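Got chain A; can you put chains B and C on it based on the hints?
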Amino acid sequence: MSLNNKIALVDLAEYAGGTVDGDGSVIINGIAPIEKAASGQISFIANDRYKKFIETTKASALVLAPHIDSKGIPCIRIKNPYLAFAKLIDLFYPDERIVDDGIDTSSVIHKSAQIEPSAGIGPFCHVSKGAQIGKETQLISSVFIGRDAVIGGNCIFYPGVKILDGTKIGNNVIIHSSTVIGSDGFGYAKSETGLKKIKQVGWVEIDDDVEIGSNVSVDRGALGPTRIGKGTKIDNLVQIAHNVEIGQHSIIVAQVGISGSTKIGNGVILAGQVGVVGHIELGDGVMVGAQSGVKNTIPAGKQIFGSPARDKIAAMRIEAALNRLPELLREFNKLKKRFEE
Amino acid sequence: MSLNNKIALVDLAEYAGGTVDGDGSVIINGIAPIEKAASGQISFIANDRYKKFIETTKASALVLAPHIDSKGIPCIRIKNPYLAFAKLIDLFYPDERIVDDGIDTSSVIHKSAQIEPSAGIGPFCHVSKGAQIGKETQLISSVFIGRDAVIGGNCIFYPGVKILDGTKIGNNVIIHSSTVIGSDGFGYAKSETGLKKIKQVGWVEIDDDVEIGSNVSVDRGALGPTRIGKGTKIDNLVQIAHNVEIGQHSIIVAQVGISGSTKIGNGVILAGQVGVVGHIELGDGVMVGAQSGVKNTIPAGKQIFGSPARDKIAAMRIEAALNRLPELLREFNKLKKRFEE
Amino acid sequence: MSLNNKIALVDLAEYAGGTVDGDGSVIINGIAPIEKAASGQISFIANDRYKKFIETTKASALVLAPHIDSKGIPCIRIKNPYLAFAKLIDLFYPDERIVDDGIDTSSVIHKSAQIEPSAGIGPFCHVSKGAQIGKETQLISSVFIGRDAVIGGNCIFYPGVKILDGTKIGNNVIIHSSTVIGSDGFGYAKSETGLKKIKQVGWVEIDDDVEIGSNVSVDRGALGPTRIGKGTKIDNLVQIAHNVEIGQHSIIVAQVGISGSTKIGNGVILAGQVGVVGHIELGDGVMVGAQSGVKNTIPAGKQIFGSPARDKIAAMRIEAALNRLPELLREFNKLKKRFEE
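Protein chains in written order, with our numbering: chain A, 2 to 342; chain B, 2 to 342; chain C, 2 to 342.
Rather than coming from a laboratory, the hints here were simulated on the basis of the structure.
Please note that a few of the clues may not be correct.
Which copy? The list can't say, so a pair holds if one copy fits it or any two copies do.
Said to hold, decoys possible - Derived DSS-like pairs (lysine-lysine); straight-line CA-CA distance at most 27 Å:
1) K53 - K80
2) K200 - K169
3) K169 - K198
4) K59 - K88
5) K37 - K7
6) K264 - K52
7) K313 - K296
8) K296 - K52
All figures in this text were calculated on a predicted structure; none of them were measured in a lab.
Same shape as in the complex, but just chain A (with noise of 0.2 Å):
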């Protein structure tokens, strides 16, 4: 992944929005992180840990908030630093497709499959019967479509990812290797006999722009949908059960589980190892912190975390509490000694 392009400082201020402080004439070859930058490299600074390195790194150029102090060095001053530093990777870095169009030979697609020429199908993928692909779509090997699956356009599938039967995905879907989209939902009820499979008819709707990590887990409804909307955003090894429904541009971290018909609003964060139970809502911008097991409906915007989750500012309380939990018992028991004499 070599960088042949060479950029004045000044037109990627341009590019990327922001205004020059310091010489705009530098001359820029690479993106690079703060304390690994060489000469001839921009930098950035998103995260408050990382501004000691400004002191000593060799980056010709940073991407800066206004408030910081560049020491110096020529800088892009921008509000939103790390949107900046997404821009200037995507012009160093350019969109490659991976997989040409047409299909490849090895590929098994059924004769009913709808697959739009502009379309790339690498080796190894499996298209069934009405299955439905749009312009441009990537699925780079071993990638099944299930029956009747509709896949939009612009998307792409890496290795290995399965997509079950009657899955809608819209456009510009981003999909990581081994992930699965509609698996059966873990439905049985008891009987004489044992656990009696409840047959897992619905399927699984992904909207717009939604990417979704690797080894992930997304069930089809056992009536009905499971839902992903717009813009949201899943990590790797997430599970999502039957019938969950996430609202728009969400933000779910690795290794989140969100339990059957739960409903997740717009802008939600559920940080890595979240644990959601069953038939509760999240509202908008609701956001919980790592670890955390949620039990109940939250109001939107509310901030929580803990297992069980509580308010935030109540769980730090209790969490600064315990660490005097210990010698509040001794004390209590010292001074109940004293108190009966």
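Frame of chain A, contents of chains B and C only:
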């Protein structure tokens, strides 16, 4: 998945083993969740949270426990509405064979493998030396069957399932996509040059009627088997370590991890994200709450939760007491001060 | 997996580097766990929980630490019985090559890929443009190797492993089924139109002698590498985020999640289901108890547990004190009342 069936409620009641309450002649053409059901459809209540929807549902009939007020909607009365609902779904959505009998020409089958003629082997399956596959078992796509693995009849293995060497699987077993049965257990001995691998030479045995979700890992025994008993159901993203033994009709919810050589009894329920350490036993009927961490052997019938898991009632008391801990600290300090004055 | 070897105990002792205690002429034909061993087999004790079985075992010989009473059973005395046991298993179950050298005709290999003639490429493997595969490396089945990936010698990649573009892997690396190396890291910048993807243009580097379990996700760096050091062992269903660096000979147990840019030292042990936040460091030899949540940099050698993780002794005191918290509340209220009377 259209429903062509049209059946009178009285006939549905007989099929499900319940009795009609109200107009048994109403014609039912489908099945749906209560809050989404349309006229002509039947729905059910299995969870009290959904009782409120009886007032507003458009369903033409309901499946209800005897004590629930039907608000005049014709219904099937039955003790176990969830089980009846499971039977009705089977009626409206009859099983279809996914892969026809025979072997897809793209698949690679070792000449010594024994595959029943009624089995169906879809594209890109790889069946290794000495493997056996029983009657009417379906390998949908990209399924790997290792050396000398023995698979029973009427199983369904979804796309991307990997069954490693020597695995023994009974009849009517369902395994969902990207699940791995028989990966090596995690065993190393410290040596002067680093961690020496303990070669994992055991295998996995899975009894009849087991269902395993997607992206599950079941490790082979170090020596001897890892075992999953008849009728046990395992959700997605679960970790079963080497030499674990799980009894019959147990329920292992998503993202649970069970460490090596632990024995889980019959009818055990492990809720989501539970962790169980190695070399312990959980007796029959033990129930473990979500996100709990089980460190000790638990006698049959006990309900536990928390990390570390405690007796359920004790854990609930601690949880409630924690809410008052910060105030307790303040009040204690006040009291101590007053006492010392 | 039958054992044809028949070896005198005295010879086994020499092979394992221990000394015979008792009759060295006893003939051993196999190896088994102590509670299941039959006559003619050798077993071992590495965990004190299993000492009780010495009284009842049918094993003809044991591998024991010097201080353990053998109850008259002939044994190999050795300081590290577990390591000796590992060597004996290797003796009774010698390595077999799984895939013969050469490339299965069903596989798709880009013409620019360089594959050593002694490597074995099983069915349905896809080796992309510019990839290199070293001597005697085995890709068992349905393995994907991305563009410009460099794989060393003597590696085993189990069915369904996906190695994405640009990954660098050393020698003697074992990766289990459905594991994904090099999926995109989880990085987005907020923008006015939603979450803008930070293009992940880094890669993954895995050093010699690493073993990675099944269904693991290792993300590529955002910029630069994600690194796993020599001899480190990773269990199933683990999440390694972008730009994580793990040192040498560390042990990462199942379902652990490590967030972005965190550095894990040498000889670190993270027990099952641990979560580690991003941008921190865990020093050499740190040990973290199961289900812990690590939020801060931890100095070398520390043992911590809990969520949030605390010093191990402090965490144990809090855990013990919690058992008495409900009673403390009651007693405090009593005392306060008496004081106020």
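Verification of the supplied hints:
In this homomeric assembly, K53 and K80 come within 27 Å of each other (Cα to Cα) only inside a single copy, at 20 Å, whereas the closest approach across copies is 49 Å. For a Cα distance limit of 27 Å, the shortest separation of K200 from K169 qualifies both inside one copy, at 20 Å, and across copies, at 25 Å. For a Cα distance limit of 27 Å, the shortest separation of K169 from K198 qualifies both inside one copy, at 24 Å, and across copies, at 22 Å. For the identical chains of this complex, K59 and K88 are intra-copy neighbours only, at 22 Å inside a copy versus 50 Å across copies, given an alpha-carbon limit of 27 Å.
Taking the shortest Cα distances, K37 and K7 sit within 27 Å of each other inside one copy (19 Å), while across copies they are farther apart (58 Å). For the identical chains of this complex, K264 and K52 are inter-copy neighbours only, at 18 Å across copies versus 39 Å inside a copy, given an alpha-carbon limit of 27 Å. In this assembly of identical chains, K313 and K296 lie within 27 Å of each other by CA distance both inside one copy and across copies; the values are 15 Å within and 16 Å between. In the homo-oligomer, the alpha carbons of K296 and K52 lie at most 27 Å apart only across protomers (20 Å), although the nearest pairing inside one protomer, at 39 Å, exceeds that limit.
The structure shown violates none of the earlier numbered hints.
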